[in-house]
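Asker: Sequential numbering of the sequence shown, starting at 1, is according to full-length UniProt numbering.
Just so you know, these hints were derived from the structure itself, not from any lab. Please note that the accuracy of each hint is not assured.
Said to hold, decoys possible - Simulated restraints on C-beta separations:
1. Glu29 with Asp197: 29 to 39 Å
2. Val221 with Thr148: 41 to 51 Å
3. Glu163 with Val221: 22 to 32 Å
4. Gly220 with Val60: 49 to 59 Å
5. Ala175 with Gly55: 21 to 31 Å
6. Thr153 with Arg27: 19 to 29 Å
7. Gln209 with Arg68: 30 to 40 Å
8. Val60 with Val196: 26 to 36 Å
For clarity, every value in this text was computed on a predicted model and none was experimentally measured. A virtual CB, placed ideally from N, CA and C, is assigned to each residue, including glycine.
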Amino acid sequence: MTSSPRTGAARPDGRHSRWEQHRLARRRELVEAAIKAIRHHGATIGMDEIAAEAGTSKTVIYRHLGDRLGLYLAVCEAVDSLIIKDFSKALESSVDRDSLDALRRDPREALVAVIDSYLSLVERDPELYRFVTRRPLLDVPVEQDPVTGLSDTIATTLAALFEGPVAESGHDATAALTWAHGLVGFVRESADRWLVDPDRLPREAVVHQLADFAAYGLTGVLAKDS
1 MTSSPRTGAA RPDGRHSRWE QHRLARRREL VEAAIKAIRH HGATIGMDEI
51 AAEAGTSKTV IYRHLGDRLG LYLAVCEAVD SLIIKDFSKA LESSVDRDSL
101 DALRRDPREA LVAVIDSYLS LVERDPELYR FVTRRPLLDV PVEQDPVTGL
151 SDTIATTLAA LFEGPVAESG HDATAALTWA HGLVGFVRES ADRWLVDPDR
201 LPREAVVHQL ADFAAYGLTG VLAKDS
């Protein structure tokens, strides 16, 4: 920091600002290279392959991203942003936030949209999905676990959407958050199993199966089909 000769007030050091911008840009480039390498080499990729994809050395990657855990967290941050973006688009396309009448009558349409947005990522980027969900042993508090954090973000958004209809139906409104977390876990576990099934059904079929169960429950589904 330097001072103005007239006022003595501190002013930002332009060199520091430019270096910070360069550092952030370089970090983004390395994360993008890591994602590209994961897609090409698979979820068990090593740092050598990532460095080769980035056209640099492991030392540079360590300098900007830290160790393998730092790389993992940086990739998770980028993937989480993609998932949240797709998730938000899916909700906006299926639910009018100013009028939730359709959701109150039948939540299935919204469920189809959000479940499909999740399974679309799994289908489109299976190795990247495996890399994120097969996380290493994290020496961080549970609230800083990126997978847990993503689940919490999605569940909180769904709970806010469900809260009004749940209360209007006569149920305790706090159940909305419990059910939203349950839905996230239900879909994620189903997606994991679907991904490794060599004879897996088409995505659309699985999406509708999950949406039916989530919207109506086992009793509702059996009654509906009888």
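Asker: Each hint should be assessed against the structure and marked as holding or not.
Answerer: Tested hints:
Roughly 36 Å separates the CB atoms of glutamate 29 and aspartate 197, a value that falls within the hinted 29 to 39 Å. Between valine 221 and threonine 148 the CB atoms are about 30 Å apart, so this pair departs from the stated range of 41 to 51 Å. Checked against the hint of 22 to 32 Å, the C-beta distance between glutamate 163 and valine 221 comes to roughly 24 Å, which is consistent with it. Taken as a hint, the range 49 to 59 Å holds for the pair glycine 220 and valine 60, whose Cβ atoms sit roughly 55 Å apart.
Distance hint for alanine 175 and glycine 55: a CB-CB separation of about 52 Å, inconsistent with the stated range 21 to 31 Å. Distance hint check: the CB atoms of threonine 153 and arginine 27 are about 22 Å apart, consistent with the given range 19 to 29 Å. Distance hint check: the CB atoms of glutamine 209 and arginine 68 are about 37 Å apart, consistent with the given range 30 to 40 Å. Take valine 60 and valine 196: their Cβ atoms lie about 35 Å apart, and the range 26 to 36 Å holds.
Hints 2, 5 from the earlier list are contradicted by this structure; the remaining hints agree with it.
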